[in-house]
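K.L.:
In case you want the letters, here they are:
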Amino acid sequence: MKGGTKADQNAGRVLDLLTLNGGLAVAVLTRFIRDAVETSGTAGVVVGLSGGVDSSLSAALAARALGPERVHAFLLPYRTSSPESAADARVVAEHLGIPHRVIDISPMIDAYFAIETGADAGRRGNKMARERMTILFDQAKRLNALVLGTSNKTEILLGYSTVFGDNASSLNPLGDLYKHQVWQLARHLGLPSEVVSKAPSADLWPGQTDEDELGFSYALADEILCLLFDFGLSPADVVEQGYDERVVTRIVRLEQQFRYKRRLMLIARLSGSAINLDQEIPRD
Amino acid sequence: MLASTLTMAEPRASLTLGLAQIDCRLGDVEANLERHLAWIAKARERKVDLLIFPELSLTGYRLLHLTSRVALPPGAPALERLAQAARPMSVLVGFVEASERGVLHNSAVLLSGGAPVHIHRKLYLPTYGIFQEERFFRAGKRLDLASFPWGKAGVLICEDLWHPELARRLAVAGAKLLIVTSAGPGRIGPGVDPVSHESWEMLTRATALLDTCWVAYCNRVGWEEGSFYPGGSHVVRPGGEVLAQAPFLDENLLVATIDLRESDRLRWRLPLLEDERNDIEGPVQ
Numbered sequence: 001m002k003g004g005t006k007a008d009q010n011a012g013r014v015l016d017l018l019t020l021n022g023g024l025a026v027a028v029l030t031r032f033i034r035d036a037v038e039t040s041g042t043a044g045v046v047v048g049l050s051g052g053v054d055s056s057l058s059a060a061l062a063a064r065a066l067g068p069e070r071v072h073a074f075l076l077p078y079r080t081s082s083p084e085s086a087a088d089a090r091v092v093a094e095h096l097g098i099p100h101r102v103i104d105i106s107p108m109i110d111a112y113f114a115i116e117t118g119a120d121a122g123r124r125g126n127k128m129a130r131e132r133m134t135i136l137f138d139q140a141k142r143l144n145a146l147v148l149g150t151s152n153k154t155e156i157l158l159g160y161s162t163v164f165g166d167n168a169s170s171l172n173p174l175g176d177l178y179k180h181q182v183w184q185l186a187r188h189l190g191l192p193s194e195v196v197s198k199a200p201s202a203d204l205w206p207g208q209t210d211e212d213e214l215g216f217s218y219a220l221a222d223e224i225l226c227l228l229f230d231f232g233l234s235p236a237d238v239v240e241q242g243y244d245e246r247v248v249t250r251i252v253r254l255e256q257q258f259r260y261k262r263r264l265m266l267i268a269r270l271s272g273s274a275i276n277l278d279q280e281i282p283r284d
Numbered sequence: 001m002l003a004s005t006l007t008m009a010e011p012r013a014s015l016t017l018g019l020a021q022i023d024c025r026l027g028d029v030e031a032n033l034e035r036h037l038a039w040i041a042k043a044r045e046r047k048v049d050l051l052i053f054p055e056l057s058l059t060g061y062r063l064l065h066l067t068s069r070v071a072l073p074p075g076a077p078a079l080e081r082l083a084q085a086a087r088p089m090s091v092l093v094g095f096v097e098a099s100e101r102g103v104l105h106n107s108a109v110l111l112s113g114g115a116p117v118h119i120h121r122k123l124y125l126p127t128y129g130i131f132q133e134e135r136f137f138r139a140g141k142r143l144d145l146a147s148f149p150w151g152k153a154g155v156l157i158c159e160d161l162w163h164p165e166l167a168r169r170l171a172v173a174g175a176k177l178l179i180v181t182s183a184g185p186g187r188i189g190p191g192v193d194p195v196s197h198e199s200w201e202m203l204t205r206a207t208a209l210l211d212t213c214w215v216a217y218c219n220r221v222g223w224e225e226g227s228f229y230p231g232g233s234h235v236v237r238p239g240g241e242v243l244a245q246a247p248f249l250d251e252n253l254l255v256a257t258i259d260l261r262e263s264d265r266l267r268w269r270l271p272l273l274e275d276e277r278n279d280i281e282g283p284v285q
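So the protein lines, in turn, are chains F and W. Counting with this note's numbering, you get residues 1 to 284 for the letters of the first sequence. Counting with this note's numbering, you get residues 1 to 285 for the letters of the second sequence.
By construction, these hints were calculated from the structure, which means they are not laboratory data. These numbers come from a predicted model, not from an experiment. Even for Gly, the Cβ is constructed at its ideal location relative to N, Cα and C. Just so you know, not all the hints are guaranteed correct.
What the hints assert, rightly or not - Taking beta-carbon pairs under 10 Å as the criterion, some of the chain W residues facing chain F (in silico):
no., residue
1, R138
2, I188
3, P190
Take these sequences, add in the hints, and give me the full structure.
P.N.:
So this is what it looks like as structure tokens:
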């Protein structure tokens, strides 16, 4: 984007439109977590803490909703994971006063890739995300708890997640919050500054950042997604507003390409009582 | 002589409303019936005359394909039980009505003196955005006044209020109180109040001003499929001032004593209903 374009003038203004009342948002989201736990008859939640802002905010909301003792955090590093991530996750767990435990996933991952050689970084990263998921669901079973999701609206819309990995959960308080709003609520709740201010990273390999991998910033993605989905502009309208056409096109393409990740159980309908189509049975 | 004439001419015009801002178990009539009984007991302690429950209070709102499984005829034992338990109170309960004609309605029934005395079938079924009512319900076809010992009232359900000619017709026909039951989903923004509530308050207050009547708006709380209901039930005086409001997000029994003569007194000063014309010609009908 060149300086002085309409997009530059918009920058910040669009993000301002996403501003939420922090107190009200926290009041609503804590009730969401409490209601889901009570309705399911479980005792609490488990959450994988990465040291990033998303899982920190999810855990903080749950600790407020349920009391810290009913939120069970797990740090699930692989041997190449950044030690700073684990340190940040510990800071958050201690800040929130929630019980936390470290389970090193290296033996499980290495055992698989010892027989499955030549996998690239993407496959290895996905495998790690799914390994963490199986551990969280197993711990949830052990603790009679639900798995708390940590995916935000921006990454869900962009398909920036691992199917049945980090996107698997029983309830997700962050799924309707753009990344900008996640940061806003994290600051509102006074989460440790090292977590709120660092560059977002899935920690798939050393030094990886989401924004490098995606090819655009979260701030820009949030603005474009907001114009497309909250205000109903067409991609051409968004470009007209001065946003880089390549970025707009890429974001639109990602959203279309990864829709399958958002509707996971696709059943072939044969009868007049197909689950999810003829029997759209709601979840309380 | 004069005193006794006055006494005879004046029906009891003051009544105590209770707005039961409750959460509901989706698709579980038994559980919701028990909750209704508990709120009736609370309302009795507060000396409520008319207790109002939200839209589809006996079943929950977002039923989708559960709709037919929780449908009841107006004479169903569950409603009979509520009618008896409430006496001498009157209660307005939301339910899925299975009509004699074999169709389902999103209805509110007024139970009074131990029996159903008035049923309103929702007239506008929202089917846009997150709403899917026309897939599962048929719209009602009649607009009636409900008669209470205190005077006449109109009952509307949620979307009905967004079509202001209904409230106007009820007021012109003599309603001094409009009861609006709702399962209005919440959205939030930068403000302290849910964004969704701002629209509702604009509507209820405008209705109380333009139709010069009391408006009692009862919205539910709780979660269904990840969508929340913010509550914020309130009572608006004729003219538009909010008399009382329940807090957001949590269950609450809002109790307010109102005098229906306040509607008359406003109408003397502000004869909007009396001035209503239906003789204006032109291509715009």
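K.L.:
None of the hints should be skipped; say for each whether it holds.
P.N.:
Okay, the hints, checked on the actual structure:
no. : hint : in the structure
1   : R138 : 19 Å, violated
2   : I188 : 5 Å, holds
3   : P190 : 5 Å, holds
The structure is inconsistent with hint 1 alone, although it conforms to all the rest.
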